[in-house]
Amino acid sequence: MPANTKFELKLGAPTREAFGRTLAELGKENPNVVVGDADLTKSTMTTYFAKAFPERLFECGIAEANMVAIGAGLAMSGKIPFVSSFSAFIMTKGFEQMRCLVAYPNVNLKVVGTHSGISIGEDGPSQMSMEDLALACALPNFTVLSPADEVATRWAVRWAANHVGPVFIRCGRVKAPVIYDADATFEIGKGVELLGGTDVTLVATGLLTAECIKASDILAGEGISARVIDIHTIKPLDEELLAQAARETGALVVAEEHLMDSGLGARVAQALAKHAPAPVEFVGLTRFAESGSPDELLDHYGMRAPDVAAAARRVLARKK
Amino acid sequence: MQKTSNPAELAGICRQIRRHIITMTGAAKSGHPGGSLSAVEILVTLYWDVLRHDPAQPRWPQRDRFVLSKGHAAPVLYSVLAECGYTPVESLNSLRKLGSIYQGHPDVRFIPALEASTGSLGEGLSVVLGMGLAAKLDNSPTRSYVVLGDGEIQEGQIWEAAMFGAFHKADNVCAIVDNNRIQLDGFTKDILDLEPIAAKWQSFGWHVIELDGHDIAALQAAFAEAAATKGKPTVLIAHTVKGKGVSFMENNPKYHGVAPNAEEIELALKELA
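Residue numbers (numbering that gives the first Met the number 0), protein chains in the order written: chain A, 0 to 319; chain B, 0 to 272.
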């Protein structure tokens, strides 16, 4: 397989690590940044903030609903609170509080879900979040971010702190391949075309972005030119870039570590139905997973470059 | 508005607030009069005597905060805000109508002077605890108050928040349980008994004051005791009567969520003259 010289895809920090480090930097820069955690500081990586600014870290114990509402109260008093837990817990147990206390009155709370997707690994389905993007996108006023690597995560966390309004950021547990140069710049709501291509477009978010880059190599070996787009902002979605890709390549694959019925894929399909109908295939989850190493699980549940390439062949067969 | 500590004057204001509650829920033909009437003395004592607030500067950073966690009692809050001068008295009867600032439950989008939108029960205690933490970080004298329904404390989040408040020594927070003993489906003792309420809060580490929630002097003393209590938050278990002030509504579960009809409005206003 010809290596794609543009991307080395060396393993970088987990996105949760980048979140934690950036949060500690923000704590130094802005005394209004405060943090809530639910007995997982060493996992969500708010531990760096906790060590540097213990008086601004509110340990809420294992009580996510209360934590979200405490965060809302802090925000209503002018603070910039980040509340964090495993995505599986904060988005489900804190959802009603996000709906009524944060989304509806448009309160300036930042919610960070870590250990998202199945790549949390051995802990198994109770800890795996595969519906968090659906839940976050269901909340009006929320901006929803799903960074692919440490560089994009640093930007996402800084953007969230500077934005007035609710934000959800999805982070992962495992080391994420580095996609972006350290000085890369991002724009909210704008997808990033990582690779040009004319036959098919691979649309990805989070860990699956690196898999799509690898898939483009596989497809190139078969003479198929694949465009690769990273969607770091799930909401608002870059409908223009996606419609353009649909018009120019005529077929798309959407890949995500999320239920395929209700995540990025569903949103892309809706956008294309509005602006530029085209065949789309989906790489994602359809059922609860199980324990295993992250690598084994990504293989077993079909979330790898060969799975993306197979989906690309399927969609190309449907292309008129 | 003219603030006052005089119980007789405060009682007069309470009568006016009750008249508003009857007329506005009557005009809306829906709403929650019973739990609004039970909380009148609590809110009037807070807004006219206890809270540091200024209707001319609703966003004054060092103001005290008030959150009506039992948001369905919006008519009492709206009547109080209007009589304080935050919002127009003339349009109170637009309650629950399309476009009215007096929405079915308190909504900050329509009344920026509100501290929080409420209506989903169980959440307001956490919110004022967050406000209390913020005030401590800012070395602000702000105190934060929340009125909870007794039925509302069946929500699990209340007890998450109760644990949090005591652990974080939130002595600038005061919760008031409007213990009117009735919820939508009937008497709390028959739905999901809350007793022993005071012992529950005590065991969670709160300073507990039990009192008659319609006794203005007792409320004044309790709020002063709460402010003087350091190292732990205070909860007032305010024993109240649902529908208080209107004989046929008192202690009657029907008026939790049913508005008075034309005849009942006339009778009620006669009693509240």
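Just so you know, these hints were derived from the structure itself, not from any lab. Values in this document were obtained by computation on a predicted structure and should not be read as measured data. Heads up, the beta-carbon is just placed ideally off N, CA and C, and yes, glycines get one too. Don't take each hint at face value.
To be verified - Heads up, simulated DSSO-like pairs for lysine-lysine below, C-alpha to C-alpha not over 30 Å straight-line: (1) A:K41 / B:K168; (2) A:K189 / A:K27; (3) B:K253 / A:K27; (4) A:K50 / B:K188; (5) B:K135 / A:K27; (6) B:K2 / A:K50.
Unchecked claim - To be clear about the criterion: a stretch of chain B counts as covered by chain A if any three or more of its residues have a C-beta under 8 Å from a C-beta of chain A, and this derived list gives those stretches: (7) 130 to 137; (8) 251 to 263.
Said to hold, decoys possible - Sample of chain A residues at the chain B side, in silico, Cβ under 7 Å: (9) A71; (10) A102; (11) P104; (12) A316.
So, against the hints stated earlier in the document, which numbers end up violated here?
3, 4, 6, 8, 10, 12
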